[in-house]
Amino acid sequence: MQVLYARYHVRVFRFVVRLVRDESTAEDLIGEVFLEVWRHAGRFEARSAVSTWMLAIARFKALSALRRRPDEEFNEESAAAVEDDVDDPETALEKKDKSTLIRECLAGLSEQHREIVDLVYYHDKSVEEVAAIVGIPESTVKTRMFYARKRLAELLKAAGIERGWP
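Residues 1 to 166 in this note's numbering are what the sequence shown spells out, letter by letter.
Source of the hints: derived by calculation from the structure; they are not laboratory data. Just so it is clear, CB atoms sit at the ideal spot from N, CA and C, and this is done for glycine as well. You may find that some hints are simply not true.
[As the list claims (entries may be wrong)] Label-pair ranges, simulated between beta-carbon atoms:
no., residue 1, residue 2, range
1, Ser110, Arg43, 20 to 26 Å
2, Trp38, Val127, 18 to 24 Å
3, Arg149, His9, 39 to 45 Å
4, Ala6, Ser126, 20 to 26 Å
5, Val10, Arg67, 44 to 50 Å
6, Ser139, Arg39, 32 to 38 Å
7, Phe44, Lys150, 35 to 41 Å
8, Lys157, Gly31, 24 to 30 Å
9, Asp22, Val127, 26 to 32 Å
10, Thr143, Trp38, 34 to 40 Å
With the hints as constraints, model all of the structure from the sequences given.
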């Protein structure tokens with residue numbers, strides 16, 4: 001269990017914190033995830049990678065935690081509609097580095113799209129593995145990925161980052 005924890009706790013933590021958007025909650029959930037792994041290790045059938053199985057457990061725990069606190073949810077669409085008239089785009093771009101802007105743009109995606117992008121790009125999961133983790137058909141993963149990329153490109157363009165930036 002120590003080896004399993006050492007190998008996967010950072011990856012699982014990052015995945016969970018992106019879903020719940022609260023490090024404290026994510027830390028609590030990580031404990032629950034590894035406890036669940038410990039309790040049900042005998043049920044692991046090796047039909048997928050261990051990391052895929054663990055991320056599926058983590059996703060379930062994170063979504064359950066989000067359901068328990070629906071009153072605290074942040075409405076991203078209305079927040080994205082608020083314009084910042086303090087700085088023009090050029091000044092804002094100078095103040096922030098590109099990785100910060102990209103993270104902010106990722107936060108502007110819907111929860112479903114952000115989850116798919118996170119699994120594919122940050123956890124190097126295949127479409128098949130993402131479908132297994134999220135519990136949706138592979139075609140739905142591909143469709144969500146398409147719309148997530150499209151929306152992310154729009155958000156990046158609005159933030160002053162054009163395609164093909166260095």
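Status of the hints after comparison with the structure:
1. Ser110 with Arg43: 20 to 26 Å: Hint violated: Cβ distance 32 Å, outside 20 to 26 Å.
2. Trp38 with Val127: 18 to 24 Å: 30 Å Cβ-Cβ, so the 18 to 24 Å window is violated.
3. Arg149 with His9: 39 to 45 Å: violated (29 Å)
4. Ala6 with Ser126: 20 to 26 Å: holds (24 Å)
5. Val10 with Arg67: 44 to 50 Å: 25 Å Cβ-Cβ, so the 44 to 50 Å window is violated.
6. Ser139 with Arg39: 32 to 38 Å: Holds, since Ser139 and Arg39 (Cβ atoms, about 33 Å apart) stay within the stated range.
7. Phe44 with Lys150: 35 to 41 Å: For Phe44 and Lys150 the Cβ distance comes to about 36 Å; the hint holds.
8. Lys157 with Gly31: 24 to 30 Å: With a Cβ separation near 40 Å, Lys157 and Gly31 fall outside 24 to 30 Å, so the hint is violated.
9. Asp22 with Val127: 26 to 32 Å: holds (29 Å)
10. Thr143 with Trp38: 34 to 40 Å: holds (36 Å)
In this structure, the hints that do not hold are numbers 1, 2, 3, 5 and 8, in rising order.
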